[in-house]
Amino acid sequence: MNCKHAKEQISLFLDERLDPSGQSKLNEHLERCDDCSAYLDDLKTGLAMLTDEGMDRPSDNFEWNLRRKLQVAMAQRETIRYDESGDRRDIWRFGLSAAAALLVVVTGGTFWYQSQFGGAGPEFMGTEAATGSVENTRQGRPGWVEPGHGSVMPVLDQSGGLPQGTEIDHERPQVASPADSLPGQDLD
Amino acid sequence: MAIHPQERLSDEDLILLVQEGQKQAFDQLVFRYKDRLFNFILKMVRDPDLAEEIAQDTFVRAYIHADKYRTIARFSTWLYTIGLNLVRNHMRRKKRSPIGRIPMVGRADGEKVEMELPDKGHQPDRDVRNTEMKTRVAEIVTKIPEHYREPFLLREYGDLSYEEISAATGLKIGTVRSRINRARSHFRENWVASFGTDADTLV
Ligand SMILES: [Zn+2]
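Sequence lines, in order, name chains C and D. Per our numbering, residue 1 is the first one in the first sequence, and the count goes up by one each step. Per our numbering, residue 1001 is the first one in the second sequence, and the count goes up by one each step.
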C-alpha cells in the first residue's frame, strides 16, 4: 500500500466504511509510516474541532427572525390558496397581505418596545398572542426559548407542546420518491 | 396510550407530527438542527448574516413544504438538501452579480435591498467564546475548493452518509468518496499550516 492509497483508506476509516481486512492492511501501513500516522492524528484532532470549539453559533435573533419569516410565508401561502380558489380573490389578497404586514409590524414593534423600555409592550397589542410569548426576550432582545415553553411557530398551541396521550403512527405508509420532496429546488 | 415527550421523538416522528398539524413539533427540529445547519451554510457562504438568512429560509421551506416530506429519506437529509439548494442558488446569483455586491431579499422592512459584501467585523450579538479558534477553523475550511468543500461539509456537519450526500448533491458515490478524501487532504494541509502537526506537539 502506498501513501496515496493509505490516505484514501484513512478517509474511509474515519467514515467507518472500511471492512476488517481493509483496516488491518491500513494498520500495517500506519505502523511503519510516520507520515500517514501524523495525517490520521491531525485529521482526528482537526475534524473534532469543527463541531466542537470551532463551531459558530447563530445570533440571539435567529429564532425571532425565523418566526417573522414563517408568519409572512404562511400568510402568503393563504393568499395563494384563495387566489387559486378564484373566490373574492382581490379582497382576500388585499386583506391577508395587509394582515401579514400588520402582524410583522406589530410583532416587530412589540420587540422594539421591549428592547427600548424593557416592558411587555403596549396592552392593546395582545402581546402573548401576537408575538408568541413575552418570555422570548432575554436581556432585552428576542432569543431562544426551550421547545415547549415558547415557540418559533406563528400560531401557538396554548398547551405548549404535544397534547396528552399523543400517539405516533410508526406504520405510516411510505409512498412517493425523494425527488418530489426537495422544496429548495424551485427557487429562482 | 403512551405519552412521548418531544425530546425523545425521532426527527421523522416530529416532522410527521408537523404534517398532522402539530406545529409545536417543529420547534424541536429547529432546536436540534439550527447550529449545525448554520455552520454548514456559513462555511459555504462565509458571511454570518447571509448564513442566518439562508438557514432561516431553509427552515421556512421545510415547514411550508412539510407535506412533501416522505419517510423514505431521513429528515436531516431532506433538510440539508433544501439548505444546499438554497446555498447553490445563492452561489449562482453571486457569480452573475457585479463584483462585491450581492442582491438580498427579505429584510426587516420587506424591501428588496442590495447590500455590500459585509466585512468580517465584530458581531456584537453573536457568541464570542473561542473567537480566535473559530476564526482559524473557518479560514482552514473555507480555503478548501468549493466543489470538494460541499460534500465534505455535508459529511462533517450534516452527518450524512455517502449515499445521502450523493442523493443531495447529484454526485456519484465514487465522486463523493474521492471529493471528501481530497477535501480532507486540503483540510489537513491548511490545519498544519495554521496549528502545526500533532507530531510537533508530542516532541
Ligand atoms: Zn504512508
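Do not take every clue at face value.
Said to hold, decoys possible - In silico lysine-lysine, BS3-like type, Cα no more than 27 Å apart, as pairs:
| no. | chain 1 | residue 1 | chain 2 | residue 2 |
| --- | --- | --- | --- | --- |
| 1 | C | Lys69 | D | Lys1143 |
| 2 | C | Lys69 | D | Lys1172 |
| 3 | C | Lys4 | D | Lys1095 |
| 4 | C | Lys25 | C | Lys4 |
| 5 | D | Lys1143 | D | Lys1095 |
| 6 | C | Lys44 | D | Lys1068 |
| 7 | D | Lys1068 | D | Lys1172 |
| 8 | C | Lys44 | C | Lys69 |
| 9 | D | Lys1023 | C | Lys4 |
| 10 | C | Lys4 | C | Lys44 |
The set of hints was computed from the structure by calculation and includes no laboratory data.
Against the structure, the hints:
1. C:Lys69 - D:Lys1143: violated, 32 Å
2. C:Lys69 - D:Lys1172: violated, 35 Å
3. C:Lys4 - D:Lys1095: violated, 34 Å
4. C:Lys25 - C:Lys4: It holds: about 14 Å lies between the C-alpha atoms, which stays within 27 Å.
5. D:Lys1143 - D:Lys1095: Satisfied, since the Cα-Cα distance of roughly 18 Å is no more than 27 Å.
6. C:Lys44 - D:Lys1068: Violated - the C-alpha atoms of D:Lys1068 and C:Lys44 are around 38 Å apart, more than 27 Å.
7. D:Lys1068 - D:Lys1172: holds, 25 Å
8. C:Lys44 - C:Lys69: violated, 39 Å
9. D:Lys1023 - C:Lys4: Since the Cα atoms of D:Lys1023 and C:Lys4 sit roughly 50 Å apart, the hinted pair is violated (cutoff 27 Å).
10. C:Lys4 - C:Lys44: Distance of about 18 Å is within 27 Å: holds.
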